[in-house]
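Asks: Letter by letter, the chains look like this.
2 protein chains.
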Amino acid sequence: MMSQSAKPKAVVLLSGGLDSATVLTIAAQQYDCIAVSFDYHQRHASELNAARRLAQRYASEHRVIHLDAGVLAGSALTDHTIKVPEQSEEGIPVTYVPARNTVFLAHALVVAEVADANDIFIGVNAVDYSGYPDCRPEFIEAFQAMANLATRAAVEGAQVRIHAPLITLSKADIIRRGVELGLDFGLTVSCYQADEQGRACGVCDSCRFRRAGFEQAGVADPTRYQRR
Amino acid sequence: MMSQSAKPKAVVLLSGGLDSATVLTIAAQQYDCIAVSFDYHQRHASELNAARRLAQRYASEHRVIHLDAGVLAGSALTDHTIKVPEQSEEGIPVTYVPARNTVFLAHALVVAEVADANDIFIGVNAVDYSGYPDCRPEFIEAFQAMANLATRAAVEGAQVRIHAPLITLSKADIIRRGVELGLDFGLTVSCYQADEQGRACGVCDSCRFRRAGFEQAGVADPTRYQRR
Chain X
1 MMSQSAKPKA VVLLSGGLDS ATVLTIAAQQ YDCIAVSFDY HQRHASELNA
51 ARRLAQRYAS EHRVIHLDAG VLAGSALTDH TIKVPEQSEE GIPVTYVPAR
101 NTVFLAHALV VAEVADANDI FIGVNAVDYS GYPDCRPEFI EAFQAMANLA
151 TRAAVEGAQV RIHAPLITLS KADIIRRGVE LGLDFGLTVS CYQADEQGRA
201 CGVCDSCRFR RAGFEQAGVA DPTRYQRR
Chain F
1 MMSQSAKPKA VVLLSGGLDS ATVLTIAAQQ YDCIAVSFDY HQRHASELNA
51 ARRLAQRYAS EHRVIHLDAG VLAGSALTDH TIKVPEQSEE GIPVTYVPAR
101 NTVFLAHALV VAEVADANDI FIGVNAVDYS GYPDCRPEFI EAFQAMANLA
151 TRAAVEGAQV RIHAPLITLS KADIIRRGVE LGLDFGLTVS CYQADEQGRA
201 CGVCDSCRFR RAGFEQAGVA DPTRYQRR
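Listed in order, the protein sequences are those of chains X and F.
Under the working numbering, the residue at position 58 of the first sequence is numbered 58, and the numbers go up by one with no gaps.
Under the working numbering, the residue at position 49 of the second sequence is numbered 49, and the numbers go up by one with no gaps.
Some hints here could point you the wrong way.
Claimed, not checked - Covered, in the sense of this in silico footprint (three residues per stretch, anywhere, with C-beta under 8 Å from a C-beta of chain F), are these stretches of chain X: (1) 64-70; (2) 109-115; (3) 168-178.
To be verified - To list a few chain X residues with every Cβ distance to chain F over 12 Å, as calculated: (4) 39; (5) 119; (6) 184; (7) 219.
Calculated from the structure, these hints are not laboratory results.
Because the structure is a prediction, the values reported are computed rather than measured.
Where a beta carbon is used, it is the ideal one built from N, C-alpha and C, also for glycine.
So that you can see chain X by itself, here it is in the shape it has in the complex (with noise of 0.2 Å):
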């Protein structure tokens, strides 16, 4: 069923990094998007402001979805007694969170369902981030054979799909195609230990991919940075 809206709804995942507006900003072009956000005591709280003004702007509606504390305990992102470490590691990062991005999907399901959307979108990207299981391509094939099952609306013949747009892309040309749709980067947050007002650290590894996205993609890096 279509919404008074012209265009179908989908749900968008948000976290508020560059990625994730990207694929915002992807989805706006031919969806009326819902973006989807989370607060689970991450560090970086100030994502989720981010996430709010990117929503704004770009999506018709924004749900911050809360999950337990507890859940997703166990990794860097959420226990602060692990240190976020500030060259890449081998094997499988410590940044990486217990099934987190199974737990997403299943959420922006529950959420699609119920606003009759067929479409789900979410920025993983199997290029920079190829420790995470949960990022890769097969991973999102998966989920969404397993949605396909899952659903009142798949059961009467709904399609449910993934969308992962930025997984096989690099840094530098996803924030060239952020560039081409116009989406003003100065809004998002990329940083695993962002400061109150949003500032980057400049060394985890996010920030390092991010900065040199910037540099191979000739783009001006609007980060603002605690230390350079």
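Model the placement of chain F on the given structure of chain X, informed by the hints.
Replies: Same frame as chain X, but now just chain F:
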């Protein structure tokens, strides 16, 4: 990695109803069980009290995970303005909660990965609840396939198994199995609209399946009813 206990760990989804209590006693035969329950402002909060009593007796640990009250909205189980039906409906029941088992299993997967458990138990049943898409064997299989691509443990070679030991059993068979294993069904609450004392309404789908099950199993029904 094995825990200090002689048995391997498993995560068991425990609502406090008859089915999940039976699953817990089945799992406890072979596993050291972490029971997981959800608090999502469901009508039958007395079920959660039942879950606590059951976990104390049959599990080594009980995690109650709070879900965002707004997320699982839109069904008779969470929306108090929709009347719980007193007769079975055609098709998918009004008590269907969008993508509920996907959200429940996603959280169970997080708990399992953090606890180093590879086995997850869920009390879905495709006989009495044939109208629920996420109670079918094909859904459980698809979730398991997805889970085996989602986690660090899976990437490192572990096999996640989703066990649904009741999936093809009748309610009478489930009750007989519980009796065999010494389960005290008086601890369980199945009713969609039990009162604060845990007394069942006797007329909702869940009560009618349960009552008929005890009759067919030839087992005395320990349920306390508000009316008969």
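Asks: Does each hint hold? Answer for all of them.
Replies: Outcome of the hint check:
Here's how the stretch 64-70 of chain X fares: 5 of its residues keep a CB closer than 8 Å to some CB of chain F, so the rule of at least three is met and the hint holds. Counting residues of the stretch 109-115 of chain X whose CB lies closer than 8 Å to any CB of chain F gives 5, so the stated coverage by that chain holds, three being the minimum. Look at the stretch 168-178 of chain X against chain F: 0 of its residues bring a Cβ nearer than 8 Å to a Cβ of that chain, fewer than three, so the hint is violated. Distance check for residue 39 of chain X against chain F: the nearest CB is about 9 Å away, which does not clear 12 Å, and the non-interface claim fails.
Every C-beta of chain F lies more than 12 Å from that of residue 119 of chain X, the closest at about 15 Å, which supports listing it as non-interface. Non-interface status of residue 184 of chain X relative to chain F is upheld: no Cβ of that chain comes within 12 Å, the nearest being about 29 Å off. For residue 219 of chain X, the requirement that its beta carbon stay farther than 12 Å from each beta carbon of chain F is met, with the minimum near 33 Å.
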